[in-house]
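Trainee: Okay, here's what each chain looks like letter by letter:
Protein chains: 2
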Amino acid sequence: MHMMNKMITLRSRPQGWPTNETFEFKETPVKQPEAGQIVVRSLYFSVDPYMRGRMNEGKSYIPPYKLGEAIVGGVVGEVIESRSDKFSPGDKVMGYLGWKLYNVVDIAEVRPIDEKIAPLSAYLGVIGMTGLTAYFGLMDIGKPKAGETVVVSGAAGAVGSIVGQIAKIQGARVVGIAGSDEKTKLLTDKLGFDAAVNYKTSPDLKAAIAQACPDGVDVYFDNVGGDVTDAVMSLLNDYARIPLCGAISSYNKEIGTDLRPSILTQLIKTRSMIKGFVLSDYSDRLEEGAQHLGKWLSEGKLNYEETIIDGFDQIPEAFLQLFKGTNVGKMLVRVTPDEK
Amino acid sequence: MHMMNKMITLRSRPQGWPTNETFEFKETPVKQPEAGQIVVRSLYFSVDPYMRGRMNEGKSYIPPYKLGEAIVGGVVGEVIESRSDKFSPGDKVMGYLGWKLYNVVDIAEVRPIDEKIAPLSAYLGVIGMTGLTAYFGLMDIGKPKAGETVVVSGAAGAVGSIVGQIAKIQGARVVGIAGSDEKTKLLTDKLGFDAAVNYKTSPDLKAAIAQACPDGVDVYFDNVGGDVTDAVMSLLNDYARIPLCGAISSYNKEIGTDLRPSILTQLIKTRSMIKGFVLSDYSDRLEEGAQHLGKWLSEGKLNYEETIIDGFDQIPEAFLQLFKGTNVGKMLVRVTPDEK
Chain A
1 MHMMNKMITL RSRPQGWPTN ETFEFKETPV KQPEAGQIVV RSLYFSVDPY
51 MRGRMNEGKS YIPPYKLGEA IVGGVVGEVI ESRSDKFSPG DKVMGYLGWK
101 LYNVVDIAEV RPIDEKIAPL SAYLGVIGMT GLTAYFGLMD IGKPKAGETV
151 VVSGAAGAVG SIVGQIAKIQ GARVVGIAGS DEKTKLLTDK LGFDAAVNYK
201 TSPDLKAAIA QACPDGVDVY FDNVGGDVTD AVMSLLNDYA RIPLCGAISS
251 YNKEIGTDLR PSILTQLIKT RSMIKGFVLS DYSDRLEEGA QHLGKWLSEG
301 KLNYEETIID GFDQIPEAFL QLFKGTNVGK MLVRVTPDEK
Chain B
1 MHMMNKMITL RSRPQGWPTN ETFEFKETPV KQPEAGQIVV RSLYFSVDPY
51 MRGRMNEGKS YIPPYKLGEA IVGGVVGEVI ESRSDKFSPG DKVMGYLGWK
101 LYNVVDIAEV RPIDEKIAPL SAYLGVIGMT GLTAYFGLMD IGKPKAGETV
151 VVSGAAGAVG SIVGQIAKIQ GARVVGIAGS DEKTKLLTDK LGFDAAVNYK
201 TSPDLKAAIA QACPDGVDVY FDNVGGDVTD AVMSLLNDYA RIPLCGAISS
251 YNKEIGTDLR PSILTQLIKT RSMIKGFVLS DYSDRLEEGA QHLGKWLSEG
301 KLNYEETIID GFDQIPEAFL QLFKGTNVGK MLVRVTPDEK
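Residue numbers (this note's numbering), protein chains in the order written: chain A, 1 to 340; chain B, 1 to 340.
Careful, some of the hints might be misleading.
The list cannot tell twin chains apart, which means a pair is met if one copy fits it or any two copies do.
Cross-link-like lysine to aspartate or glutamate pairs, in silico, EDC-like; alpha carbons within 20 Å at most [claimed, not checked]:
#, residue 1, residue 2
1, K324, D181
2, K92, E109
3, K143, D281
4, K6, E21
5, K295, D313
6, K86, E24
7, K116, E78
Hints are computed from structural coordinates only; laboratory data are not their basis.
With the rest of the complex left out, here is chain A (with noise of 0.2 Å):
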């Protein structure tokens, strides 16, 4: 098999916002597979905040991107070569894999994956990363009681709209934070949110959440940071919890220029905790929350949401999407037909 691939490199490391000079896309051959090596056709590829970080320098849980090399990051594909008694072409595999057409890879970087389960996509969302990043850092710090209050930021995202959902199933009254009526009116009358808050149109934002949650903020999952993280500290309850996923408000603002009012001063009147997490903190807990994730799902309690932008060529600009809040739920790039 003679195949032409493409693939996107990163080109130079973006200060701030990603350019046209952050990407470059490439024409080679497909590598021919060895023995124990399987070539992987993309199908979806997930598009995620986490990713601006891989693309600076410096140190961090996970190492950067070199330039270059293709980005990384969780692909859906199948498997239409094998070398491998493991694999056969048609298999449907996940796999943190290149933005490339095919991947040529060795067996052990990929998992099968079973459509009569849930969809393709799902195991990018709901019950892949997001989904599982949404369980242990809600359930682990978050630790929500039945009748506390839950803030989620980004809560129409793809991590914030399955932590909204846990946290119902949990008991607790749930406030939605997100940036479009249409996302505010989604997470109300469709994923179960208690109330919702359009950041963008709330002239007085403090004043907008406190009246979405009249007995305070007992856990606060941050996805943004930024304004809205500031109104939310104002309101926090004593010995709340913040699971701090994200802060995609400042990932594209250049070091030292994110300011704001200090937290510290509030976070010890309220005897608060913050904790930074990842999901590979959780490396050894993944088959639970799987476990949760796939029995709420198949009980009809979790909604997931996806935005499909189509077409391998697209996937920049979906990841730049993700920083104007333009998706709803998981974000994904589907690879076309005519690109097959």
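Since chain A is already given, all that's left is putting chain B on it; use the hints.
Mentor: Relative to the frame of chain A, chain B by itself:
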């Protein structure tokens, strides 16, 4: 007994730094004690940064001081008249009493203390509120392990100086941050800190702390906030713990003016935890803390410093000096013999 009493009341709530308008000196006759009451002559007054918070209106872990009433804080005194079987004149007691030369109180408001166990002033410091605050914040939130690096801000202060010594007892490497060469010398020469940084004279504070912490920072016991905290935040190791005890650098700033780079991204990168706390969170474990502190003190493992200012009238000035950092160790005001 018809004696005149002196007291200091809160005249007005300060905006920013307390001024002459904040406090009012009053003279009134000492009340006659009723049955079950005692008259306590003040010997030592504790002045503490948290008192600044009580001068503001607004919800916190402890109600605001009331305008026109005596400021309340830790006081050690001597019983000079008793209408209770439980106390006799000459007994020494400790309680949260008014800034008054004489407090006439129900016996439930004080507890007896013993000069033979520790000097009277120690009941306001190392084996009192400040020692216990150091103990629980470090042991319950910081959880230092042998070989880890513990950084303490406000390290020469009442709480910080005890925190560092307890961390040494736990086998940690301990680095103190303080505001004068006299203080840093005290930390390393007398209190056993491994290194100390003078934040006022270090041209590059982050570099200076980094040099003192070649293995990064595992626990940051924060008493000060502000620039010092920003510098330490950039050096956190993964899973760092930050007991948030105080933010003295911001207490006299007007609300909303204390801006700084966001720490949220840093917390995510390192999956670190910040937790605000106050001693009363541990009200059911005070005995445990007191036993450890008493044992370490008797074993010569704990030293403590005091800055004692003489004269009842000096209480407001002593309080202000706290925020200027002129004290070493616990700041106390002692009533002079001619005031008795």
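Trainee: A separate judgement is required for each hint: does it hold in the structure or not?
Mentor: Hints and how they fare:
{"no.": "1", "hint": "K324 <-> D181", "result": "within (15 Å within a copy, 50 Å between copies)"}
{"no.": "2", "hint": "K92 <-> E109", "result": "within (13 Å within a copy, 72 Å between copies)"}
{"no.": "3", "hint": "K143 <-> D281", "result": "both (16 Å within a copy, 19 Å between copies)"}
{"no.": "4", "hint": "K6 <-> E21", "result": "within (18 Å within a copy, 73 Å between copies)"}
{"no.": "5", "hint": "K295 <-> D313", "result": "neither (36 Å within a copy, 69 Å between copies)"}
{"no.": "6", "hint": "K86 <-> E24", "result": "neither (34 Å within a copy, 83 Å between copies)"}
{"no.": "7", "hint": "K116 <-> E78", "result": "within (15 Å within a copy, 80 Å between copies)"}
Consistency with the previously given hints fails for numbers 5, 6, ordered from lowest to highest.
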